[in-house]
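Colleague: Please build the complex by placing chain C on the supplied structure of chain D, with the hints as guidance.
Okay, here's what each chain looks like letter by letter:
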Amino acid sequence: MKKRFDEKAIVLENRRINDRYYKLVFSSAPLSRNIRPGQFLHIRINEGQDPYLRRPFSYFRTSPGKVEILYEVLGRGTLILAEKSKGDPLMVMGPLGNGFRTAIGKRKRVLVAGGIGVPPLVNLAEQFSSDYLLIGTKSKAEILPMAELKKVKAKVLCATEDGSVGFKGFVTGVLEKVIREEDSRQLFIQTCGPKSMMKAVMAIAAKNGIEGEASWDESMACGVGACLGCMVDTKTGLKRACADGPVFSFSELVP
Amino acid sequence: MSVDLTTRIKNLKLKNPVTVASGTFGTSDEYAGYVDYKKLGAIITKTITVRPRPGNPMPRICEVSSGMLNAIGLQNKGLADFIEQKIPYFRKLGVPLIVSIAGESAGEFGLLAKTFDRFRSVVNALEVNLSCPNVESGGVNFMKKQKRILDAIKAVRCQTKLLIFAKLSPELGDVLEIADNVLKRGADGISVINTLRGMSIDINGRTSRIVRDFGGLSGPAIKPVALRYVYQVKKEFGVPVIASGGISDWRDAVEFLIAGADLLAVGTSNFVEPRATMEILKGIRVFCRKEKIKSIKEIRGSYRPRDQKGKGCSR
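For the record, the sequence lines run as chains D and C. Numbering follows my numbering, with no gaps: position 213 of the first sequence is 225. Numbering follows my numbering, with no gaps: position 93 of the second sequence is 447.
Source of the hints: derived by calculation from the structure; they are not laboratory data. Some hints here could point you the wrong way.
To be verified - Subject to a maximum C-alpha distance of 25 Å in a straight line, what follows is the list of computed SDA-like cross-link-like pairs (lysine to any residue): (1) D:K247 to C:K440; (2) D:K247 to C:T381; (3) C:K446 to D:A255; (4) D:K20 to C:K393; (5) D:K20 to C:K440; (6) D:K15 to C:K636; (7) C:K431 to D:T114; (8) C:K431 to D:K20; (9) D:K96 to C:D383; (10) C:K393 to D:K247; (11) D:K15 to C:C416.
As the list claims (entries may be wrong) - Some chain C residues judged to face chain D by a derived CB distance under 10 Å, without partners named: (12) I426; (13) G461; (14) P578.
Computed from a predicted structure; not experimentally measured. We treat Cβ as the ideally placed atom computed from N, Cα and C, and that holds for glycine.
Just chain C, with the same shape it has in the complex:
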């Protein structure tokens, strides 16, 4: 029995819901030899900024319980390099592409959107990164003033017909309130969650184990938080949702589907298991076959709250 994994997001049709979270899959063919890129539903790029960014000094990463902290700092070669060097690669690859963008001002967000709008034959959507924990201007602290988020989304919407996903994190404030506001200003969907700010101390040096005091926590450690926001956003607004946060195996993937995720962005797990996306795809198929599910539409958003009047719950 073949299982229909086709995922439709407005006018965009993907062959399956499995993608990669921004910043966890390199910028071109780093995982070639481990992953058949053509089998991915879509690819989400590392965040692109207008100008090149060198990122933060070392050490940028450390392991914590069931996850890692990172303080990469949006290292990337900038917009012009991406257009020249990477767009031709992705054009040839032919896998649906979601470009992650971040600006330090509404003007920069607008410029990025305008530029990528010219490549609508290669780029299918933009993920607007409003929640990077590791940069100052344009980062999660900067965006705590909600007006800046809304100005960024408005600027992007003015410049492009591409699908727009706003990448939010609870670090910004009330995710549901912000989601409501960005959707009213033209975002097509929501991407939740980004990394959560955490800390790890070297007890001998009595200082941070990474270059900054705080870094972005990712991996299985944040999965329950991500799952909750995916569920809440989907339930409240019914818009397309890209889920990211600790998706490590097919069971996690199915949980996120049940919570209502449209796309499943596998992130830090790629670092641990380079074939994670492929294994998840296989696992979803096997699960559906066993459960006699013909299309993932049958499980997507199928979560039902427990009956609170059940035995043992009432006093």
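So that you can see chain D by itself, here it is in the shape it has in the complex:
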């Protein structure tokens, strides 16, 4: 039985770090010790009924007794979350789901991240040796601040749609360049981000015979595999993103 917790955590820090991301730090010794890259936390933002359901968040980083998440304000839940301040309680379930593969043999790890898929892959790159971290975004203002990328040992390559930093265009263009420069048989791709991006990454991987994993996300209610709200079509039938995923191998997913 995997260890799971339902913690009453306390907000230690909650602030906007750039045009896109907010950073929230909360206290929780058991979660900080037990969570792995790619797993998620299911947060009850308020004790009342607004918002009613919990919201799933990937985690960004842990330090002794503390957990950090990065989030975007996208709807009512995150809007309310953004108003939390130091000392506020937060109900946090986790760690939930299955994380990324950490042992990939001698292959080179290529991480392809977009949008809110960036934090979990930065986390993976900080903890496990990786060769490339490719980040795609709309413009410079939305890229994670460089200070947050300091501990990443991989080669970080950015792509912006407006060309304000790094390559102009989509992150998949950078991926294709990496594949051309490297021995594709020696690569292993892990991706997290918008579905359109992950689908494009999977198509490139398939064309080049590269294995990998994608963190697939659907709207969730329970987060533990009970409600069947977040099903993902796989080659072996419908799977629950929350309990059987959210990380699935490319070969498992139906494109």
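Modeller: For chain C alone, coordinates are given in the frame of chain D:
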């Protein structure tokens, strides 16, 4: 002071009235680590159909004010899988089991009942789901022809000695009239309510936020409606009633007991608070102790209408 929470439904004795609503508690041990299953009065399973059902495409769920809409569509692996894979699990668990069943015809309802009747050592009752809003055949629209409901209940009754609860919803028509008819055809009790059909629109896409136009509304949003039907059914027929609809904390649970509920099925609340059932159980005990109530029999069905001749009411 220990509080007697024992709940008796005909020949079935449960250690307490707290259970889980169909479809909200997974199919086996999804809540292990959060809930001590053995402390539950009973478990109501996700609805089982004869053949496996893949359910509806995504998105199946969305949040609404004080609740959620779902269009899961009775996804389940079918009868044979349940018998092979889940019955052994529940046999070992030893918690009273109420199996929720749904068929697309009277024949299918009969087959499901006949099959579960062979497992009377594990299965204690059947909840006949006559009111799923998210499927066509066998769903709430299909069952609007009352003859289909009555044929289903008759078919189930013919095939089993198990306790039968008919799960009804106001979406079917007049709940009291239907309850009367299903009880006359052999149902032992009534389960009210199922989700109510609702709608939510994505204003940018100008379309439904879930895959179907309408989905089943559940959660605190439907609690007053559920409470009303539990009260009315109990008052009118005096039969065993399984209450479901927005039960979220011990106060809700006590309200439903006062209205006359025999079993309290905690549903969507499990998604929000995985330990909801355990907290409710604890809360009922604390309430009873404070109120010097020795047995929940003292509060069950204790509702009294207000005196309408009271001051300020007469003209």
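Colleague: If a hint holds in the structure, say so; if it does not, say that too.
Modeller: Against the structure, the hints come out as follows:
For the hint pairing D:K247 with C:K440, the CA-to-CA distance comes to about 24 Å; that is within 25 Å, so the pair holds. A distance of roughly 22 Å separates the Cα atoms of D:K247 and C:T381; the hinted pair therefore holds under the 25 Å criterion. Straight-line distance between C-alpha atoms of C:K446 and D:A255 comes to about 23 Å, which keeps the hinted pair within the 25 Å bound. Straight-line distance between C-alpha atoms of D:K20 and C:K393 comes to about 23 Å, which keeps the hinted pair within the 25 Å bound.
Between D:K20 and C:K440 the CA atoms are separated by roughly 33 Å; this puts the pair beyond 25 Å, and the hint is violated. Distance hint between D:K15 and C:K636 is fulfilled; the C-alpha atoms sit about 24 Å from each other, no more than 25 Å. Proximity of C:K431 to D:T114 is assessed by CA-CA distance (about 32 Å); at most 25 Å being required, the pair is judged violated. With a C-alpha separation of about 36 Å, the suggested pair C:K431 and D:K20 falls outside the 25 Å cut-off, and the hint is violated.
For a cut-off of 25 Å, the pair hint linking D:K96 to C:D383 is broken: about 34 Å separates their Cα positions. Restraint check for C:K393 and D:K247: not satisfied, since their Cα atoms lie roughly 38 Å apart, outside the 25 Å limit. Our distance criterion of 25 Å between C-alpha atoms is broken by D:K15 and C:C416, whose separation comes to about 28 Å. Satisfaction of the interface hint for C:I426 is found here, the shortest Cβ-Cβ separation to chain D being roughly 5 Å, below the 10 Å cut-off.
Taken as an interface hint, C:G461 does not check out: its beta carbon lies about 26 Å from the nearest beta carbon of chain D, beyond 10 Å. The closest approach between the C-beta of C:P578 and any C-beta of chain D is roughly 14 Å, which is over the 10 Å cut-off, so the hint fails.
The structure shown violates the earlier hints numbered 5, 7, 8, 9, 10, 11, 13, 14.
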